[in-house]
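Student: All chains, full assembly: derive it from the sequences and hints.
Protein chains: 4
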Amino acid sequence: MIIVMKPSASPEQINHVIEKVKEIGLTPQVSRGVERTVIGVIGQESKLTVKPLEAFPGVEHVVPIQKPYKLASREFKKEDTVVDLGDGVKIGGNEFIVAAGPCSVEGEEMLIEVAHKVKAAGAKLLRGGAFKPRTSPYSFQGLGVDGLKHLRKAADETGMKVVTEIMDTRQIDDHLEYSDMLQVGARNMQNFDLLKVVGDSKKPVLLKRGLSSTMQELYLSAEYILSRGNFKVVLCERGIRTFETETRNTYDLNAIPATKKLTHLPIIGDPSHATGNLAYVPAMAKATIAAGADGLILEVHPNPEEAWSDGPQSLTPKMFEDLMKELRVVAKACGREL
Amino acid sequence: MIIVMKPSASPEQINHVIEKVKEIGLTPQVSRGVERTVIGVIGQESKLTVKPLEAFPGVEHVVPIQKPYKLASREFKKEDTVVDLGDGVKIGGNEFIVAAGPCSVEGEEMLIEVAHKVKAAGAKLLRGGAFKPRTSPYSFQGLGVDGLKHLRKAADETGMKVVTEIMDTRQIDDHLEYSDMLQVGARNMQNFDLLKVVGDSKKPVLLKRGLSSTMQELYLSAEYILSRGNFKVVLCERGIRTFETETRNTYDLNAIPATKKLTHLPIIGDPSHATGNLAYVPAMAKATIAAGADGLILEVHPNPEEAWSDGPQSLTPKMFEDLMKELRVVAKACGREL
Amino acid sequence: MIIVMKPSASPEQINHVIEKVKEIGLTPQVSRGVERTVIGVIGQESKLTVKPLEAFPGVEHVVPIQKPYKLASREFKKEDTVVDLGDGVKIGGNEFIVAAGPCSVEGEEMLIEVAHKVKAAGAKLLRGGAFKPRTSPYSFQGLGVDGLKHLRKAADETGMKVVTEIMDTRQIDDHLEYSDMLQVGARNMQNFDLLKVVGDSKKPVLLKRGLSSTMQELYLSAEYILSRGNFKVVLCERGIRTFETETRNTYDLNAIPATKKLTHLPIIGDPSHATGNLAYVPAMAKATIAAGADGLILEVHPNPEEAWSDGPQSLTPKMFEDLMKELRVVAKACGREL
Amino acid sequence: MIIVMKPSASPEQINHVIEKVKEIGLTPQVSRGVERTVIGVIGQESKLTVKPLEAFPGVEHVVPIQKPYKLASREFKKEDTVVDLGDGVKIGGNEFIVAAGPCSVEGEEMLIEVAHKVKAAGAKLLRGGAFKPRTSPYSFQGLGVDGLKHLRKAADETGMKVVTEIMDTRQIDDHLEYSDMLQVGARNMQNFDLLKVVGDSKKPVLLKRGLSSTMQELYLSAEYILSRGNFKVVLCERGIRTFETETRNTYDLNAIPATKKLTHLPIIGDPSHATGNLAYVPAMAKATIAAGADGLILEVHPNPEEAWSDGPQSLTPKMFEDLMKELRVVAKACGREL
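Protein chains in written order, with our numbering: chain A, 6 to 343; chain B, 6 to 343; chain C, 6 to 343; chain D, 6 to 343.
Worth flagging that the hints you see were computed from the coordinates, not collected in a lab. All of these numbers come straight from a predicted model, not from anything done at the bench. Using N, Cα and C, we set each Cβ at its ideal position, and we do this for glycine too. Mixed in with the good hints there might be a few duds.
As the list claims (entries may be wrong) - Facing chain A, from chain D, some residues (calculated, C-beta under 7 Å):
1) Lys266
2) His269
3) Ala295
Tutor: As structure tokens, this is what we get:
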């Protein structure tokens, strides 16, 4: 941590800061420059976070040097984490994994139909919302536990794994019964009570980046889960909020190589939600592989114009099948199996 | 709702859309222009939201005309809503209301001390976090229910009302016992299960705008609460995420007149969290009044350099007292009591 | 400047950086911490900017400590700069200054009519675009030099000063002949050749913040002008790009107290362009005063529905007159004359 | 164009708008809905842009239906534009084109050395800044015309084409003499006088997206050039401003498929400037190809730690050579030659 003093800071103010640093058991190292004094702090920075150093008189600002996340960092764990969902489905290894399915679970029959088709085309996980986070209270809110049951049945019939969103801490028991992977959605990325519950569950988690979250905040939310002893965390880039309106959000593929450099966690991409536009999904899905991601989560609906949510960005099963063929070629060129 | 067809849309595609609109019981009105056909839809748009019209072949995009929020809109209710917290504390009337207190509840004694001082200076509500949403799992997470009890005691001793954050649906009973106003924080603005629980509680709610939420999304989150029959909702602007780094967030005062125009709900401002910098709080507090807000929520700590969270943006009780005097003059110039 | 080395940096890499720092004539101060080594650099940082330190092997990142702008900084000049336009019109002193007029100059007669009205209501500067930066090549591009002449005539007839935009270096001579204050628009804030020409001219300059410019970048653009020996620079906040769509841009009033703290330059606000919505102009104009600005620039058009540009945000002369009365009350409450 | 009237609009206000629409020679089509009246306008919308319809009493807002750019649109020209730089160098065809070179031209010898190396590795264009847009007036501003001469010489010796930035209208003659392709930088994307001069020149243009420009604004800036009769325009995505700080800007690859859908112009990517971080360039370069771009522009410097600008994001010639091999494999998988 670097404490930058104001040019006008008095010797008393500087000493006051130095004393506080020592008091906590850290070592201050003082550089008196031309314009201002800078105090480097040696030792575990986290000891200092409880003290709001910027509130000290004479302090201009404080620059953290150490990363605030530990367990998620590449420095903590050099080798890539591989999250094992069982039955050979692993995210983060050499195999590139695709999750596919409708935005919302609308019924058992439709789900089983989609599941068979996406499985045949190469998807390993079945996705679909049972509990739906909807901006408007007047939008379809999901089938709830019935939706979870449909997902379980469709997955069991097809030999797939279920990934589906948990929205509230009170839903945990149902999810533990029916889901294979708990999705924490973008709007809940900083629902810290939910992160704790999901961490304690020890189930595999798919943690989506919030719409206005920095990558560092995403890693800190992962840290909430990891620090509960649950290392089965897969991150997901799903677009951030910017001024651009041609796409629903700005799908930030830079998060892929950044996450690979800064953390050991697997990361997948969600171009369906991020772009909100079917026309851009194939190109951005290919780019996701080329950027180095470990997988994709894609919306597939048998009849997008009848979908109860997110129709405009859903692929039909036929389009998904064609896309998977293209993705396979790109994956191979990038040294990944699919 | 306006359905804009692609220039290349075939007559069959256009007819297909027209048929679907009629099927739902709405009236299509077709304009065949030079370049493309546009279909206006007359009737309750909400009937159409279940159909993802943009997924229909030949449709370029769909422009909603009606606002998606109803109960929150100025059109639904012409007169300003005034939220009554009891004992003469009302938000949204002619009186400009100030809530003040520390970021986190750190102990009973300190809280009572602060409460006395901010009360004396003119604050009507006592603020303070018992449950703290912290980006890092290693930061202080709040005193929990003990914090709520301290708040209740300090408020009772000083004749103030308590506003404090609820972070999870499971905390509702404790909040109902100890708080006067339930704060839904920026990170939970789209925690829809929490909004439902808070709506059902019928308690006054302070709903903070999310860091990347549009004003319309804020109103839709309010709509979740209103549609549960709880009209005691006060909105709060607390800064949005932008590229600017000199302030912690960008305090978006434009939300004040916009909310006054578009809704009937009271709105207050939180310059402490928004700017994250003590130096900017007084100027932005004055600007908040001038922009037409109904109140302010300010961080006040007896000893900011010992604060367990957010020290750099906390006023001392003396600074708060001085600021209140200045605010009173500006409020008067703007026709508001304080 | 603080050079943060990677945890994996070798002793050779650390020494290599130390040697480079010394070579340039600066003093390195090395802190060997638990995780990584940090090298503080004492001396004029600007000597180092020519060396891309982050490209050195073993360097993780570099944290500048000194502000990159000098002449614009409050540290360089403690007292507020007052820009004198002559005939008693001064920006940055106790008087709050208002510039008013149409978005575009559309003709001499209309301009003289508006000038008389805004002058009578209290405006000191006449604004109006002769050269118009328009997003589309098919939009009205301004009357050019004829527009400048109309502005000069209207200002002379009414005893006002002219502020108008210069878009290209080749226009400087015409502006020197007809304008009193050269406006550099948001889109040209980083047109560095234009900044140099405007700096060399020694004329008063109104420098508008770019739509995606940080405050620091605004100050650096001012620095281009100041470093040419022209200290007659007034800054202008006119909204930044965010995801919000209810307002055209997000009028960032935080820039007012920030600029007052960080620089000695006057700053005014432009709520007309920033909000793009007439309904929000009065509230935000009042907030601009309360935030501590030195003036306002407002769009006034005798007949907004016939305006050739920006009608929706233009006040009528009558609305302007009424607003000025309100602004006067707020200004007084804030200790400013108007 | 759709004109949405306020719910409170009077019959007179509605008729007033209808009359104005007819006056201009367009056909209004009125839909009287449950809540409000909507007026569709049939005919060339551009006729209406001169009238600020939102300033009319009773009008709530106006929704444009037609795209504001014509010549740049895919509807205007179905087939892809291929920009021919001569000697077989074509951008927009099946061949994927790479431009490479240092950020700044620092001297003739160094440039020739780099040119030979990047040419050998497969680059067709030599890039390098002679006129440098620098945020600070104290940063290196480029060698100017000498830089252009060095570029010409290095390109001629190696059989490459020169692409370099023009910053000001007064530089056009020198550029016409020495450059093969005129780069308009991100900060000048809306320097409309420069766009006009560059359009009139009839030279190939590389137009970079501004840091806060929407895609539509980028196409409108292209329209400035096209409408001057210069169709040799190549667009370039180089990152937008967001809240994320791990990357310098957010490289928005979504712009690639969007541009391919909405326009007929070629588009290339600049991951060096966009990410500002060498570590992310290879992954994002591969993703650029996979997203469907027509080329890349990459920074290559023989000794990044001695670079006069942008060292941290520059590849060494060896890294560039290795990257080109990887890119070739991805290009092939995507059906492109490299």
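Student: Quick one, is the Lys266 (chain D) hint okay against chain A at 7 Å, beta carbons?
Tutor: 6 Å, holds
Student: Double-check Ala295 (chain D) for me: the hint is only fine if its C-beta lies closer than 7 Å to a C-beta in chain A.
Tutor: 4 Å, holds
Student: A closest beta-carbon separation below 7 Å is what the hint needs, so does His269 (chain D) meet it against chain A?
Tutor: 16 Å, violated
Against the hints set out earlier in the document, a violation occurs for number 2 only.
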